[in-house]
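As given, the protein sequences belong to chains P and V, one line each in that order. Sequential numbering from 1 applies to the first sequence in this note's numbering. Sequential numbering from 1 applies to the second sequence in this note's numbering.
Just so you know, these hints were derived from the structure itself, not from any lab. One thing to keep in mind: the hints can contain errors.
These stretches of chain P come out as covered by chain V in the derived footprint (C-beta under 8 Å, 3 or more residues) [to be verified]:
| id | stretch |
| --- | --- |
| 1 | 80-92 |
| 2 | 111-118 |
| 3 | 305-311 |
| 4 | 330-344 |
| 5 | 385-397 |
C-beta: ideal position from N, C-alpha, C; glycine also.
These are the residues of each chain, in order.
2 protein chains.
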Amino acid sequence: MKFIEGGVCAATGFKAAGVHVGVKTHADWKKDVALIVSETPCAAAGVFTKNVVKAAPIRVDLEHLKNGAARAIIANSGNANACAPHGEEYAERMCAAAAKVIGCAPDDVLVSSTGVIGQTLNIAAIEGGMQSLCDALERSPEASDAAAHAIMTTDTAKKEAAVETTIGGKTVRIGGVAKGSGMSHPNMGTMLCFLTTDCAISSGMIHEALLEAAAVSFNRISVDGDTSTNDSCMVLANGLAGNAEITDKNGDYAAFLEALQALCVRLAREMASDGEGAKHLVTCTVKGAKSVKSAETIAKSVISSTLMKAAIFGADANWGRALCAMGYSGEAFDPEKVNVSFASAAGEIAVCADGRGLDFDEAKAKQILSEHDVEINIAMGEGGAECVCWGCDITYDYIKINGDYRT
Amino acid sequence: MKFIEGGVCAATGFKAAGVHVGVKTHADWKKDVALIVSETPCAAAGVFTKNVVKAAPIRVDLEHLKNGAARAIIANSGNANACAPHGEEYAERMCAAAAKVIGCAPDDVLVSSTGVIGQTLNIAAIEGGMQSLCDALERSPEASDAAAHAIMTTDTAKKEAAVETTIGGKTVRIGGVAKGSGMSHPNMGTMLCFLTTDCAISSGMIHEALLEAAAVSFNRISVDGDTSTNDSCMVLANGLAGNAEITDKNGDYAAFLEALQALCVRLAREMASDGEGAKHLVTCTVKGAKSVKSAETIAKSVISSTLMKAAIFGADANWGRALCAMGYSGEAFDPEKVNVSFASAAGEIAVCADGRGLDFDEAKAKQILSEHDVEINIAMGEGGAECVCWGCDITYDYIKINGDYRT
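Bound-form chain P, shown alone (with noise of 0.2 Å):
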């Protein structure tokens, strides 16, 4: 398995594009419509937002999923067509603009949008850019790195990447677009991601597999806490690879997922890296606890935490509000077990042993976390299992940008 350039468009028989056609108004990022498009019909499946309030495009792809197929993506930038009226008709016109451009049916292509919520989509403007849109299709890394800036909002930069495994004697490539930035926890986070193979998968294991590889990528990364009404990782799978196809969980099937979690958790630490304002990766490896899902939620909840984002923030070995956090997520530990250490390329510095804070340098603390990626490790004492979330620091510009963000 390894990492490979091509992005969406690194598997085969995938085209992308991103254009401008006019629902971003304001934005640095011009482009505002992606579209990623299959030669042939693919095995497909999504996994959304658990937000009871739900955005018109994720009701649309639940019914466009339920026969496991789709051809295509169609999603949009500077609008989230989320409590917007005519919310579901809007996201029903983008699906048939793109389908006739491509010369498929509407119910074969999926949704996404995000930006604002409440506000009424543009729905001209993209109907009337769909034909531009759909002559800029190419299989290219290019066309890949415009459908990556197409779904960006206030990310400061594209995500993308690919891997190419081998699967049963042939070359299998699986790639993707994503957007992350504010608005982003656990349990789909303000993100978008969309993900095509040439693996031949059977669409009730594509399905299972991205359900596992999201649990261990992006429903571990925490931006601000706050769970999005859009959030959508959804994946085409066209089979062209011509492997024999997957259809259970067999030796190829865990090579598949193999490759698709490593994709995945790389543009999850993507996402957090580039949080809204964020100066800083923080990598939070909680050991020794009792279970993994235990481990999962004491490190989501040192993540989560404000004050301790404001002190990675200013670099302030302040290790008493990560067993603070760890105190409050609703785990129950004894914290005279918990040792902590603070990491970075600078070197690793022991803070707490058995719940009590120890002597330390508190200039050689300050060197360790002035660097970019910082890590929070966490020993429990209680047990064998262990969990690594990701997520950032909290900065002024994450409160500039998040308070005039409509405007």
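Model the placement of chain V on the given structure of chain P, informed by the hints.
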């Protein structure tokens, strides 16, 4: 029932003091130890943080409250005595030192600490300053003021209040001092609150009344979602008002509870309003919910949303974030029945009806949200229950304060 002056010294028979002994070495507010003493023995009760990681003073208080009696409260700011070496030993020594100068048993003294976690408490400074603290004890508004200042950390204003009511023909007073600010969240955010009353009431009933009052006041505020290791609310009742002792939930209990709740709500609002760096007090009222519990969960989710808080900071009527936060609260409801309006002294404006955005006057909305006290009013259309919760916005100052708290 009316609000009166005098704070924690308003009730007959209570003296207070606040002095600087040297625990704080860098804070703007120099007073760092407070003492509150009753002339006579008191029925006593406390409610404490639900965090698994409990500071040492709380573990000591739980012991000292087992007999439902106490005479004094000693508290320091500048150091939380949580996850710190010699925690319980030093908390006990604070009680013993206070008991010695007061002339009571050590287990008649309750103790609290607030400040940084994980550092050794300067117990020598507290013991060394105990006589001067005792010498400063008096029953006066100035003494209550001194105690209120001595427990402040990043609070920008002291928090004290008192109420007077009539129970069984006797004038009964309840007063208190409190501190709030960062790390404040329902289930006792970092808050300390010390209440005194001359009401004659059994230890069982004062505990019951404290639980009831805290549930609708301190447990309905949120500053940053972090539940601290040290949160404590304690009450001393010395019976000097001369009313017939309240020993069950009769009419006198109801009158006492009404006054206690009004006092606690006043103090809770002051805490929310003075959240670290806050520029706005946010009152979220949820009406038409299926149950009070449901209304409370939803209101808390809205005031706790970092994105909603950032929008309030920016005076941005981004009601979609309220709907989003409702949606991930864990409560089930029909988004298409939800109405939302924003209000303040500058007026009220409807922004969402039946789960869909309304066209509204953005300039008017901005004017409404530019007031210090702003309201988010939510109608669910699900039932007849309602709840009010209080929070604040998140600002650059919050991050500044918490990015470098320890140095």
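Now for the hints, and whether the structure bears them out:
1. Figure legend: the stretch 80-92 of chain P, annotated as covered by chain V; annotation consistent (5 residues with Cβ-Cβ distances under 8 Å, at least 3 required).
2. As drawn, the stretch 111-118 of chain P meets chain V at 3 residues by the rule of a beta-carbon pair under 8 Å; at three or more, the given contact holds.
3. By the rule of at least three residues with a Cβ nearer than 8 Å to a Cβ of chain V, the coverage given for the stretch 305-311 of chain P holds, with 5 such residues.
4. Look at the stretch 330-344 of chain P against chain V: 4 of its residues bring a Cβ nearer than 8 Å to a Cβ of that chain, three or more, so the hint holds.
5. Beta-carbon proximity to chain V at under 8 Å applies to 3 residues in the stretch 385-397 of chain P; the threshold of 3 is reached and the given coverage holds.
The structure is consistent with each of the numbered hints, conforming to all of them.
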